[in-house]
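Trainee: So the protein sequences, as listed, match chains A and B.
Position 289, counted from 1, in the first sequence is what this note's numbering calls 289; the numbers after and before it change by one each time, with no gaps.
Position 261, counted from 1, in the second sequence is what this note's numbering calls 261; the numbers after and before it change by one each time, with no gaps.
Think of the hints as simulated: they come from the structure by calculation, not from any bench.
It cannot be assumed that every hint is accurate.
Chain copies aren't distinguished; within one or between two, either way the pair holds.
Calculated lysine-lysine pairs in the DSSO-like style (CA-CA distance at most 27 Å, straight line) [what the hints assert, rightly or not]: (1) Lys180 with Lys302; (2) Lys197 with Lys62; (3) Lys177 with Lys5; (4) Lys146 with Lys197; (5) Lys251 with Lys230; (6) Lys197 with Lys49; (7) Lys197 with Lys50; (8) Lys302 with Lys226; (9) Lys302 with Lys177.
Protein chains: 2
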Amino acid sequence: MSQTKGQSSIQFAEAPYIIESSSIVGQKEGEGPLGKLFDSVEQDPMLQKKTWEEAESELQRKAVQKAIDKSNLTQQDLRYLFAGDLLGQSIASSFGLMQFQIPLFGLYGACSTAGESLCVAAMTVAAGYADNAVAVTSSHFASAEKQFRYPLEYANQRPLSANWTVTGSGAFILGTKRSKARITGITPGKIVDYGIKDSFNMGAAMAPAACDTIYQNFMDFNRSDKDYDKIITGDLGLIGSKILIDLLKEKGFDISQIHMDCGVEIYDGDNQDTHAGGSGCGCSAVTLSAYILPKIHKGEWKKILFLPTGALLSTVSFNEGQSVPGIAHGVVIEHC
Amino acid sequence: MSQTKGQSSIQFAEAPYIIESSSIVGQKEGEGPLGKLFDSVEQDPMLQKKTWEEAESELQRKAVQKAIDKSNLTQQDLRYLFAGDLLGQSIASSFGLMQFQIPLFGLYGACSTAGESLCVAAMTVAAGYADNAVAVTSSHFASAEKQFRYPLEYANQRPLSANWTVTGSGAFILGTKRSKARITGITPGKIVDYGIKDSFNMGAAMAPAACDTIYQNFMDFNRSDKDYDKIITGDLGLIGSKILIDLLKEKGFDISQIHMDCGVEIYDGDNQDTHAGGSGCGCSAVTLSAYILPKIHKGEWKKILFLPTGALLSTVSFNEGQSVPGIAHGVVIEHC
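Isolated chain A (complex conformation) (with noise of 0.2 Å):
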């Protein structure tokens, strides 16, 4: 049976429940307005390991644990993972997953693979082709630093345009047991190229992207702002949620009100020195879990557009000139 909907989404026929979820953090992020609802903050950054991508592989590892933990579900009854994250060949996530022995369905969008998980996830329960299926991303400042900026130790001054990437991982458990949100639809995004060139700006490069994906969903679900409650990109930062806005005002919609950017939600940025707010796999997925989630279990937020953003590019593509494409895959959360 069709459930396509319109140019490019998906409404699940049987919409698949999120069941259970979990966040690990870093000591910053625990220091932040959002610090005492994460379930676990690391106080060591190494988390007891050699390299700093052995530290995000076991922030992975923790998150999938401690999502299971909290779950009435065992090991055996999640049957596919779904999972990524920012460093080159996706490392963190096969090193810190090896042990589940789950098949693993390895996954890449920058940032907004913590969106592009959940969008498989989904897809893969509400088909039948599995009863639990598990999303899951990882960022870390310092693996993220070393992998696209510079490395900690040369202590290179930041623009004021600048991300500050979380360290931290979410996973969800997706399933077909009745729990008090569910994913009802998807809108899977296509990549926004607005030739921006400063990989120090990124919330400007991935706005577009933003723009473009809820600009869709609009149209394919025949919606507009007042059918959400809350609009949440991923990590634009304070630069691009402005930059969003308007571009969304030039297509005749005003989502300045329900808007909320999980790396603007997750520092102080008065007080952090985190610049333009945070970003990474790892932002939207802890802030989706440990802020989100519980405010539409509530019924405090009945239907969210919850929409993480990547921006495309490796030091490679960089250094060789190339600009920073953007995507952004929006996924409907509501209340039940």
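Once you have looked at the hints, place chain B on chain A.
Mentor: Here is chain B on its own, set in the frame of chain A:
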């Protein structure tokens, strides 16, 4: 309706068809045993671009365009793209597929991505989420050497156990319209790590994962080596293929008479100096399109298990002393 099969597999209630496919390769692949079968042999390794990475992006763009041209479909008929490559942050896919303006799911499973992309595209079409979806993967000898080993200018010597990364891209349009080949089931793989640390012997690192997925496929579908005309691995090469056959014998199955490896088929090892054989996301994809699918269309092979294999390493994980874990995703393709 549940479509799960056994512990890890999916049996599609409405199996999607492989409507069309394409194969674009480089000069060396064009000079190999399958040379005359490919859709296009590019004589310029740069594909008229400025960098190796842009050249690989161009391979993907050409592969998708060729698959569209060969089908009776238009770009607008293709609802989703499922794509991946070997480069950090999957830039070959992002920059190669941007212009199609089709929603993109980025995937990463090293060289197993060719199988992973077919799995997720098949899951999507079979569930009624799309009438048509595209799976596409690529690799390029020069971008891979630069990424994983040494710049070509360094002219390093290669051990005999090393694989040769295939320059090529294969694209597959899956859909609901009847054709002569369909994907009837899949067995997504889990990560298997035997602790091998030699990145110049990836066949040995991936063989245990291939063994695990084949065995799981046999158990889940209650099949054996007798049920397949061919079991075709992605890029184990000569050394990995031998290990796979030995490992499966230990589990009671002899696949020696029906096993084939795309990495072994694509080059003439005696005359092309390719050592253990071909590898890369492009290797199994172009071999499937140019060599395997025509035999399925003719009914020469009625049922095969196609099993691209991936080595989940990065230069960072390798330099930090980590092992090279493997993964293999199984795709059952049947004549119809």
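Trainee: Each of the hints needs a verdict: does it hold here or not?
Mentor: How the hints compare with the structure:
| no. | hint | result |
| --- | --- | --- |
| 1 | Lys180 with Lys302 | within (10 Å within a copy, 47 Å between copies) |
| 2 | Lys197 with Lys62 | between (36 Å within a copy, 25 Å between copies) |
| 3 | Lys177 with Lys5 | both (25 Å within a copy, 20 Å between copies) |
| 4 | Lys146 with Lys197 | both (20 Å within a copy, 23 Å between copies) |
| 5 | Lys251 with Lys230 | within (18 Å within a copy, 54 Å between copies) |
| 6 | Lys197 with Lys49 | between (35 Å within a copy, 19 Å between copies) |
| 7 | Lys197 with Lys50 | between (34 Å within a copy, 18 Å between copies) |
| 8 | Lys302 with Lys226 | within (12 Å within a copy, 54 Å between copies) |
| 9 | Lys302 with Lys177 | within (19 Å within a copy, 39 Å between copies) |
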